[in-house]
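Given chain A's structure and the hints, the job is docking chain B onto it.
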Amino acid sequence: AQSVAQPEDQVNVAEGNPLTVKCTYSVSGNPYLFWYVQYPNRGLQFLLKYITGDNLVKGSYGFEAEFNKSQTSFHLKKPSALVSDSALYFCAAVYNFNKFYFGSGTKLNVKP
Amino acid sequence: NAGVTQTPKFQVLKTGQSMTLQCAQDMNHEYMSWYRQDPGMGLRLIHYSVGAGITDQGEVPNGYNVSRSTTEDFPLRLLSAAPSQTSVYFCASSYSLGSGGAVHTQYFGPGTRLTVL
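Here the protein sequences line up with chains A and B, keeping their order. Here my numbering is used: the first residue of the first sequence is 1, the next is one more, and so on. Here my numbering is used: the first residue of the second sequence is 1, the next is one more, and so on.
Hints are not guaranteed to be accurate.
Stated by the list, open to error - Pair by pair, the computed Cβ-Cβ distance ranges are:
#1 B:Arg113 - A:Lys77: 28 to 38 Å
#2 B:Pro110 - A:Asn96: 24 to 34 Å
#3 A:Glu64 - B:Ser84: 32 to 42 Å
#4 B:Pro83 - A:Pro40: 22 to 32 Å
#5 B:Arg113 - A:Ser70: 34 to 44 Å
#6 A:Ser84 - B:Arg113: 18 to 28 Å
What the hints assert, rightly or not - Covered, in the sense of this in silico footprint (three residues per stretch, anywhere, with C-beta under 8 Å from a C-beta of chain B), are these stretches of chain A:
#7 44 to 50
#8 98 to 104
To be clear, the hints were calculated from the coordinates, so they are not data collected in a lab. Here a beta-carbon is modelled for each residue, glycine too, at the ideal position from N, C-alpha and C.
So here's chain A without its partners, still in its complex pose (with noise of 0.2 Å):
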């Protein structure tokens, strides 16, 4: 079964500490993996994607993520937390072109 998992359901960092958010993969074939953020009454906003090539995908807000096909992993990293990037963060992964799969989004919480 195709499926992504995000094992936080929280993730708390302070202002200026580097941040990650995890994210796990299973789709069979070649991985298109995706981050969106939400911030409250809002929709999904587009962060970065990996379809192929370089590991380390680059994003808007200074977020980038890192693919790790041997660990099925796509974790989400920025070095420096901002309070305004307190959000609910979604990892998301494509099966057979036409199927998003959505893990169940981790609350990131920046503290000043």
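Just chain B, lined up with the frame of chain A:
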């Protein structure tokens, strides 16, 4: 461009009532989809369409119907609302996900918050 628009923003229904959630996009995207978002479960795909006249089921299609008569519009119909359908519904669109091996970014609407009593 307005992007992806959804109406209404909020809706309260009684059990057994029917209604249609509207979704429109002005980006000439081939692919459109409907998701529901429930706490702790992320987004789950209800139905999707790869072009006008073509629709298919996602993970949780029961109780919902869709049609795609034009490229721009992709309405979601609740046939007989149930409390289990209380959720936030998101519509999204993108260029064809499978075009030439490329996978395109989905753009999401602002959502419709539905409560079924």
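Quick rundown of the hints versus the structure:
{"no.": "1", "hint": "B:Arg113 - A:Lys77: 28 to 38 Å", "in the structure": "holds, 32 Å"}
{"no.": "2", "hint": "B:Pro110 - A:Asn96: 24 to 34 Å", "in the structure": "holds, 28 Å"}
{"no.": "3", "hint": "A:Glu64 - B:Ser84: 32 to 42 Å", "in the structure": "holds, 39 Å"}
{"no.": "4", "hint": "B:Pro83 - A:Pro40: 22 to 32 Å", "in the structure": "holds, 24 Å"}
{"no.": "5", "hint": "B:Arg113 - A:Ser70: 34 to 44 Å", "in the structure": "holds, 41 Å"}
{"no.": "6", "hint": "A:Ser84 - B:Arg113: 18 to 28 Å", "in the structure": "holds, 24 Å"}
{"no.": "7", "hint": "44 to 50", "in the structure": "holds (count 4)"}
{"no.": "8", "hint": "98 to 104", "in the structure": "holds (count 7)"}
Comparing the model with each earlier hint shows no violations; every hint is respected.
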